[in-house]
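Protein chains: 2
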Amino acid sequence: MSLNTYAHPFDIATSLKQQETGVYHGHTSDDYANMVGPFGGVIASTLLRAIIEHPDCLGSPVSFTVNYAAPVKDGSFIIKANPTRTNRSTQHWYVELCQHHEIVITATAVTAKKRDTWSSIELYKPEVPDAERVDSLSLTEVPPWVNHYDIKIVKGAPRAYTKSNYADSVTLQWMKDKPNRPLDYLSLASMCDAFFPRIYVRREKVVPIGTVSLTVYFHSDTEALEKHNNHHVLGHTRAQNFNNGFYDQTGEIWSADGSLLATTTQLVYYKE
Amino acid sequence: MSLNTYAHPFDIATSLKQQETGVYHGHTSDDYANMVGPFGGVIASTLLRAIIEHPDCLGSPVSFTVNYAAPVKDGSFIIKANPTRTNRSTQHWYVELCQHHEIVITATAVTAKKRDTWSSIELYKPEVPDAERVDSLSLTEVPPWVNHYDIKIVKGAPRAYTKSNYADSVTLQWMKDKPNRPLDYLSLASMCDAFFPRIYVRREKVVPIGTVSLTVYFHSDTEALEKHNNHHVLGHTRAQNFNNGFYDQTGEIWSADGSLLATTTQLVYYKE
Numbered sequence: 001m002s003l004n005t006y007a008h009p010f011d012i013a014t015s016l017k018q019q020e021t022g023v024y025h026g027h028t029s030d031d032y033a034n035m036v037g038p039f040g041g042v043i044a045s046t047l048l049r050a051i052i053e054h055p056d057c058l059g060s061p062v063s064f065t066v067n068y069a070a071p072v073k074d075g076s077f078i079i080k081a082n083p084t085r086t087n088r089s090t091q092h093w094y095v096e097l098c099q100h101h102e103i104v105i106t107a108t109a110v111t112a113k114k115r116d117t118w119s120s121i122e123l124y125k126p127e128v129p130d131a132e133r134v135d136s137l138s139l140t141e142v143p144p145w146v147n148h149y150d151i152k153i154v155k156g157a158p159r160a161y162t163k164s165n166y167a168d169s170v171t172l173q174w175m176k177d178k179p180n181r182p183l184d185y186l187s188l189a190s191m192c193d194a195f196f197p198r199i200y201v202r203r204e205k206v207v208p209i210g211t212v213s214l215t216v217y218f219h220s221d222t223e224a225l226e227k228h229n230n231h232h233v234l235g236h237t238r239a240q241n242f243n244n245g246f247y248d249q250t251g252e253i254w255s256a257d258g259s260l261l262a263t264t265t266q267l268v269y270y271k272e
Numbered sequence: 001m002s003l004n005t006y007a008h009p010f011d012i013a014t015s016l017k018q019q020e021t022g023v024y025h026g027h028t029s030d031d032y033a034n035m036v037g038p039f040g041g042v043i044a045s046t047l048l049r050a051i052i053e054h055p056d057c058l059g060s061p062v063s064f065t066v067n068y069a070a071p072v073k074d075g076s077f078i079i080k081a082n083p084t085r086t087n088r089s090t091q092h093w094y095v096e097l098c099q100h101h102e103i104v105i106t107a108t109a110v111t112a113k114k115r116d117t118w119s120s121i122e123l124y125k126p127e128v129p130d131a132e133r134v135d136s137l138s139l140t141e142v143p144p145w146v147n148h149y150d151i152k153i154v155k156g157a158p159r160a161y162t163k164s165n166y167a168d169s170v171t172l173q174w175m176k177d178k179p180n181r182p183l184d185y186l187s188l189a190s191m192c193d194a195f196f197p198r199i200y201v202r203r204e205k206v207v208p209i210g211t212v213s214l215t216v217y218f219h220s221d222t223e224a225l226e227k228h229n230n231h232h233v234l235g236h237t238r239a240q241n242f243n244n245g246f247y248d249q250t251g252e253i254w255s256a257d258g259s260l261l262a263t264t265t266q267l268v269y270y271k272e
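Those protein sequence lines, which keep their order, are chains Z and L. One point on numbering: in the UniProt record's numbering, the residue at position 63 of the first sequence is 63, and numbering is uninterrupted. One point on numbering: in the UniProt record's numbering, the residue at position 15 of the second sequence is 15, and numbering is uninterrupted.
Please note that a few of the clues may not be correct.
[As the list claims (entries may be wrong)] Straight-line C-alpha distance at most 27 Å; calculated BS3-like pairs for lysine-lysine:
1) Z/Lys73 to L/Lys113
2) Z/Lys80 to L/Lys80
3) Z/Lys113 to L/Lys271
What the hints contain is simulated information worked out from the structure, not anything from laboratory work.
My request is simple: use the sequences and hints to build the entire structure.
This is the structure in structure tokens:
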């Protein structure tokens with residue numbers, strides 16, 4: 001990265017320095033810090049970058065699962081990304097992030113060359129006011145990563161920020177990088193995790209939580225992402241079940257014109 | 001397995017012989033053969049068994065992702081299951097299935113000790129007639145695995161078996177092992193994949209398909225599974241988007257009394 005080229009904070013946060021094929025050195029970023037350690041969405045994107053920038057990478061990501069095995073500590077880390085199997089049109093990946101010689105994150109992914117086929121969408125983009133007509137969140141007591149997104153909540157703000165008592169955990173929010181950055185697979189993966197924890201929409205009590213596993217399916221191709229450019233995406237998310245210390249969160253990410261960009265699901269640990 | 005003990009075909013199909021800690025030898029089963037190679041659901045269960053039977057396994061599975069990197073060939077295979085990280089109440093796993101020294105399947109999982117906490121369900125079990133009031137599928141030209149389930153389709157049979165032309169890919173079906181077998185994590189994982197491919201509900205044309213990645217979140221604990229015993233589970237599934245060679249499939253598995261046992265999602269490749 002040369003000093004006279006502008007680099008977006010997201011690209012700095014997810015940047016990797018290749019040490020040998022498939023082995024990279026990276027560093028957490030204060031810009032995307034969470035309450036403790038880095039924001040998990042940006043860490044997911046950093047593992048995805050290790051795949052996308054691998055010299056043997058075939059096609060673009062279609063499926064991506066990240067397992068948060070232990071808290072990432074602020075500082076440097078090593079990522080190892082290896083293709084486990086390369087087929088004619090699909091490729092499978094296993095990735096590990098290590099700190100102090102211990103595995104902290106694991107991930108698997110499928111990349112593929114996509115082709116024109118019969119296609120059909122069964123979901124509808126939720127009907128919401130245009131992004132320009134919704135106020136941006138303006139919060140002071142939030143972790144740094146929140147301030148690197150322009151988030152406009154249509155429905156389902158965390159109870160700490162609203163007087164409402166919701167019967168469900170549904171959130172609809174417009175979001176984009178702050179400052180503006182054209183959408184790509186990396187930022188899309190991170191936005192799949194850029195919702196406030198579902199349990200904080202349902203409960204007033206703020207209990208410790210942590211995502212244990214996150215899965216993203218990319219429904220968009222490079223062309224659709226380029227067309228979307230740096231506009232807000234619409235995120236729709238909900239928990240289906242909170243049960244004995246774990247809850248799920250499912251979601252969809254849409255462009256304003258009704259293209260489904262990604263679907264996502266995660267399992268989250270909560271303390272009490 | 002002694003000769004004078006009855007073993008269910010599912011337990012035979014998923015049985016593993018430990019060679020050393022975390023390294024197992026297994027074999028595909030004709031009972032659960034698919035059109036080509038073995039049924040993916042039973043293969044997923046076999047990888048999960050490698051975790052559950054590992055001497056170091058902590059707690060029970062909460063999250064499980066299987067990546068089908070290449071077709072499993074009929075015959076024997078080696079599974080290697082290793083804990084990548086063990087915490088106080090959660091443990092992370094990486095598993096590989098190999099044939100002829102090549103990786104054919106990879107999987108990651110999280111196991112955990114569950115605890116009583118605040119709990120809340122936001123989904124409702126779909127309203128359907130009781131299992132006893134729905135006819136069992138009785139098909140002759142189907143792969144062997146189908147005949148090892150008692151499947152009762154309430155809505156959304158594949159178009160090859162019905163005259164209907166559906167506007168969506170939703171299927172509701174009761175299912176259980178045939179012959180009867182008490183439900184456990186292994187059979188529940190397999191049932192998450194025991195729906196006919198969504199694309200065959202939508203399209204009359206039978207195109208080649210294959211799951212590339214399957215994720216299961218277990219919402220049930222051992223006690224709930226034991227209570228369920230060998231009754232039918234209700235499966236609800238749909239595709240959200242068919243796009244350029246890949247579609248997703250999401251689903252929920254319920255007990256008749258309204259307990260959510262598992263949620264699942266998969267990404268499926270299709271040819272044209």
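Going down the list of hints, with the structure as the test:
| no. | hint | in the structure |
| --- | --- | --- |
| 1 | Z/Lys73 to L/Lys113 | holds (24 Å) |
| 2 | Z/Lys80 to L/Lys80 | holds (19 Å) |
| 3 | Z/Lys113 to L/Lys271 | holds (12 Å) |
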